[in-house]
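Asker: Sequence positions in the sequence shown follow my numbering and run 1 to 427.
Hints are computed from structural coordinates only; laboratory data are not their basis. There could be a bad hint or two in this list.
[As the list claims (entries may be wrong)] Calculated cross-link-like contacts (lysine-lysine; reagent style DSBU-like; alpha-carbon spacing at most 30 Å):
hint, residue 1, residue 2
1, Lys118, Lys396
2, Lys194, Lys65
3, Lys72, Lys396
4, Lys72, Lys194
5, Lys65, Lys118
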Amino acid sequence: MSTDIPERKEAAVKLADADFAVDDRAHDLRSALLDYRDRIRAGELGALPAILGLISLVALFTALKPDTFLSKGNIANLSTQALPITILAMGLVFVLLLGEIDLSAGVASGVCAAVMAKLMADSGQPWYVAVLSAVAIGIVIGTLIGWLVAVVRIPSFVVTLALFLGLQGVTLRMIGDGGTVPVRDEVVFALANKNMPIWLGWTLTAVCVAGYTATQLLRWRRQHARGLHARPLELVLAQAGAVAAALLLGTYLLSLDRAPSPLITLGGVPWGVPLVGVLLVACTFVLGRTSYGRHVYAVGGNAEAARRAGINVTRIRISVFMIASGMAAVSGIVAASRLNSVATDAGGGNTLLYAVGAAVIGGTSLFGGRGKARDAVFGGLVIAIIENGLGLLGTKAYLQYLITGIVLLLAAGIDALARRRRAGTGR
1 MSTDIPERKE AAVKLADADF AVDDRAHDLR SALLDYRDRI RAGELGALPA
51 ILGLISLVAL FTALKPDTFL SKGNIANLST QALPITILAM GLVFVLLLGE
101 IDLSAGVASG VCAAVMAKLM ADSGQPWYVA VLSAVAIGIV IGTLIGWLVA
151 VVRIPSFVVT LALFLGLQGV TLRMIGDGGT VPVRDEVVFA LANKNMPIWL
201 GWTLTAVCVA GYTATQLLRW RRQHARGLHA RPLELVLAQA GAVAAALLLG
251 TYLLSLDRAP SPLITLGGVP WGVPLVGVLL VACTFVLGRT SYGRHVYAVG
301 GNAEAARRAG INVTRIRISV FMIASGMAAV SGIVAASRLN SVATDAGGGN
351 TLLYAVGAAV IGGTSLFGGR GKARDAVFGG LVIAIIENGL GLLGTKAYLQ
401 YLITGIVLLL AAGIDALARR RRAGTGR
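All chains should be modelled from the sequences, with the hints used to inform the complete structure.
Answerer: Here it is in structure tokens:
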């Protein structure tokens, strides 16, 4: 019986996201495009709805507010406005891939931010001790959630709802009713409020473009060297060119002087942006290039098949909540940097809803088994653009809630319809 475990594990891994499998129909450009069309028709939409949504929203708000929406200052504001939600959503992608939910992620980010702020303000700890302590607290919270869900077998909705309520009490006890804790450390403050030197921004962009292009070309070369079918070289180069164009354009826009006065100079990429880039690369690598990532997709696709194949489902379930809460801690730190303080309501309100909405809008399925770290970035930008654009238009608060809710419902509806379509086509 034990000799069958490797074969079973391999079979379970095949249930993972389709991106792990090399498409044996993509022999040339024409066949690759035809296959992509077939996959779209079969419901494998990926991030396409989010990308189309981004383009539509940018066009809409540019037409409605041509003088302000695409101004240099507003573009920089958008880049920092999306940071906390994007990082929180990136962690939630891991949980959603298993078809679970973490309702406590938002308030967990507030608790971790409060721990960091209290250590620096009251105990005089250096920033790195406070930040590491906050992330450690987040991981402990995630371990507790994962243990209750995977070992005690309490539904994640109930566990995280209880912690959603309880952790708000923890933050209130730490800070005090109606109080705030200032964040004055220069390093933490710089995350969301200061910019990199322009030369450093361009250098990092060049390194990212070269690294991404080299990675894609090396992967294509290895597949051909091993006799595997791969995407046409034209598509590989086109994708690398699109990523390079987006990075270069973003760096150019953020490097422009956006100071309101000619007496000062204000330009450069905010420090929080490369932080999101590092987290995105790390999460993408874990999900796309490691056995752990394949096991996450396998458990999300069919947990029982994964268990019978020898995958430790309990460990996978605990680990995704640890990752989500650890990322929530980072999100809370960035949010505290942006506000320059931590209040009793940190991480509350719509924080969690926006983060879940960002992941789903970006293309992560609520039913598990499908999604990528990049979905959080696309969805976070959609959420930030909606909030920013409606604010520029002077839209009343109730309309902002209604419009954001409609967008989330639309994304969830597309996900449900796509899932039915995939089931109908046997994918």
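Asker: Hint check: Lys194 vs Lys65, CA-CA at most 30 Å. Holds or violated?
Answerer: holds, 26 Å
Asker: Given the hinted pair Lys72 and Lys194, is their Cα-Cα distance within 30 Å?
Answerer: holds, 15 Å
Asker: Is the Cα-Cα distance between Lys118 and Lys396 30 Å or less?
Answerer: violated, 35 Å
Asker: Below or equal to 30 Å on CA atoms is what counts here, so check Lys65 against Lys118.
Answerer: violated, 41 Å
Asker: Straight-line Cα separation of Lys72 and Lys396 no greater than 30 Å?
Answerer: holds, 25 Å
Comparing the model with each earlier hint shows violations of hints 1 and 5; every other hint is respected.
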